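These protein sequences, in sequence, are chains A and B.
Residue numbering for the first sequence follows the numbering used here, beginning at 1 and increasing consecutively.
Residue numbering for the second sequence follows the numbering used here, beginning at 1 and increasing consecutively.
Hint data in this document are derived by calculation from the structure and do not stem from the laboratory.
Bear in mind the structure is a predicted one, so any value in this text is a computation, not a measurement.
Hints are not guaranteed to be accurate.
Stated by the list, open to error - Lysine to any residue pairs mimicking SDA-like chemistry, simulated, CA-CA at most 20 Å apart:
| # | chain 1 | residue 1 | chain 2 | residue 2 |
| --- | --- | --- | --- | --- |
| 1 | A | 170 | B | 187 |
| 2 | A | 204 | B | 103 |
| 3 | A | 194 | A | 216 |
| 4 | A | 194 | A | 136 |
| 5 | A | 204 | B | 101 |
| 6 | B | 165 | A | 284 |
| 7 | A | 289 | A | 87 |
What follows is each chain in one-letter form.
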Amino acid sequence: MGRNPVTWLGSPAFPDAARRALDDTQLRGNLRKATTTIRGKRESVVSELDDWEELRRAGESIKDDVLTNLDTYLERLEAAVTERGGVVHWARDADEANRIVLDLARQEGADGVVKVKSMATAEIGLNEALADGGVDAIETDLAEVIVQLGNDRPSHILVPAIHRNRAEIKEIFAQMPEPPDSDDPRALAEAARKYLRRKFLSSKVAISGANFGVAETGSIVVVESEGNGRMCLTLPETLITVMGIEKVLPRWQDLEVFLQLLPRSSTAERMNPYTSIWSGVTPGDGPQKFHLVLLDNGRTSTLADEVGRQALRCIRCSACLNVCPVYERTGGQAYGSVYPGPIGAILAPQLAGDLHDEQAASLPYASSLCGACYEVCPVRINIPEVLTHLRAEVVEAKGKRTPEAMAMSAAAWVFGDRRRYEAAQRAGSLTRFLARDGTLSSLPWPGSKWTDTRDAPVVPKESFRSWWRRNRG
Amino acid sequence: MASAREEILGRIRAVDRQATPAVPREYERVRRADDPVGLLAERVADYRATVHRAAARELPYRIAERLDGRGRIAVPPGVPWEWRVPGVSWLPDDPPLGVSDLEAADGVLSGCALAIAETGTIVLDAGHAQGRRVLTLLPDYHLCVVHADQVVVSVPEAVERLDPKGPLTFISGPSATSDIELDRVEGVHGPRTLEVLLVG
Chain A
1 MGRNPVTWLG SPAFPDAARR ALDDTQLRGN LRKATTTIRG KRESVVSELD
51 DWEELRRAGE SIKDDVLTNL DTYLERLEAA VTERGGVVHW ARDADEANRI
101 VLDLARQEGA DGVVKVKSMA TAEIGLNEAL ADGGVDAIET DLAEVIVQLG
151 NDRPSHILVP AIHRNRAEIK EIFAQMPEPP DSDDPRALAE AARKYLRRKF
201 LSSKVAISGA NFGVAETGSI VVVESEGNGR MCLTLPETLI TVMGIEKVLP
251 RWQDLEVFLQ LLPRSSTAER MNPYTSIWSG VTPGDGPQKF HLVLLDNGRT
301 STLADEVGRQ ALRCIRCSAC LNVCPVYERT GGQAYGSVYP GPIGAILAPQ
351 LAGDLHDEQA ASLPYASSLC GACYEVCPVR INIPEVLTHL RAEVVEAKGK
401 RTPEAMAMSA AAWVFGDRRR YEAAQRAGSL TRFLARDGTL SSLPWPGSKW
451 TDTRDAPVVP KESFRSWWRR NRG
Chain B
1 MASAREEILG RIRAVDRQAT PAVPREYERV RRADDPVGLL AERVADYRAT
51 VHRAAARELP YRIAERLDGR GRIAVPPGVP WEWRVPGVSW LPDDPPLGVS
101 DLEAADGVLS GCALAIAETG TIVLDAGHAQ GRRVLTLLPD YHLCVVHADQ
151 VVVSVPEAVE RLDPKGPLTF ISGPSATSDI ELDRVEGVHG PRTLEVLLVG
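Looking at chain A on its own, in the form it has when it is part of the complex (with noise of 0.2 Å):
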């Protein structure tokens, strides 16, 4: 087994990507300005909806079932996908994925690919290993054109070219045959219609991710805005589908939430343009052939880790992104993998697996513990919980005993109640009462086991997490 694709070879680990990240203020300008804009239609669409609180629970629930019962909602979709005429295939990693879908390819004689937008498929690597065997894999979203054209590394879950503004993205569409001729997006928007129609048109094979694949019936559902989603999932012969095995619900009933939960999350939006959903082949409508192939890659050890897990009940949403301010400040290629902000920080290191690569074990670290990104997660992973638990981890990989790994579990029992964490910070606050000059030299056991070693930082009289609600809500 190779190593996982997860997290970029070569990447930094993260406090020296995110200095290098902090130098380049157009990049913090397009930030600022994109997140800025998302956060506040974000939060008027959720408070459309009295029963938001109630959506979220009813989507962390459902999500801990299919955690629960895996193994048989698995199985049960692939009975459901074959009998309407589906094939399925498992991939135990990145490789072995890669390998399926390229032998796919070639059986269809196909030397070029369509593809929609997908996680799945950017986590193992998939249009590299499809280049190496000499199928060239055309991305179809519009922002992952950029990021195609622009030999670049995508920044944000959603929104992969987060990180370019109008005028760049102008520039890197100037090799196309019909280049934008302004740097309005209604005009950007116009040259990628040209530039992707005829490849649409002349594609046998398509390639896509799923944002959910209802066991119950085998129907598999594509959330996107372009219509380049539709055009990839109808006019091609055959379709194949990378579907992480966490992607699986066990009911359709239970679309019913996470089509409200993920497009209100995700662009802010009642609903998004395109919705697609599918079971199996239909004679006479789209493609005739259609392979499923079901991806762990890292997602079963995930799922192994009592306190971890959760990380696998997320969406793809990118609102934790959206309203993190390390993410806003670093922007997404810092975190070294195509997960990256809060959700990135736990679910990265956990699929590839390895604490003791410097760069992933740094992630867990890519955090002020805010706690901003839980309270907007649509599925209530408690991220700050799940970053002190893998820094106790990163740290016990360490080998010893330190202080720190003590700090970091008495930190993870603290995060992982809400009532014990804002306890804690107004605990805190007194410390301020203590100190000086601005720093604790001695603090309380167990903190003396930190303090002996290093002084304290006080404790600000007003908790970041209650400043930022207050100043960028």
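Since the structure of chain A is provided, determine the placement of chain B on it from the hints.
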């Protein structure tokens, strides 16, 4: 050596998992609206689609009005004969039109399976008066007829009514992207103009 399937299922079964409690479905499954059709009209218009209201008896006249001068219009099998008004160059999808014919079409007229007022969404299920998915995808203009009795208020009501066998397409406004500076721009690959005729 175990197959990938057996190995993955084996890894899952090796994990100590505790039974989870029943899913709390305390959210609203059915929502009330004083005027669901009015709400749908408002929400569809929010996506910069055009909405027209029509009484049942004036529907053919309204269709003719919308399609006047639009050129060749594809139409799925099962569309009521009175929708196929004179003066329009109709391209019936029976036998199925080739991709190049559809590419050359100037628009498409269809019905729908249902519509969700709260989110401004029209759902197609490839059933009566809707046809194959590609019909409503390639032409740049889509005129969709929605009857008042097809309108539900909430997403759960829609999911309950739909047949999971599909294929289903949820359409909320014309195609759009938020990929440039996270700002919504209408008009990428799907029909760039969506017009909705609300009947009744």
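**Item:** Indices of hints not satisfied (ascending)
**Value:** Hint 3 is the one this structure does not satisfy, whereas the remaining hints hold.
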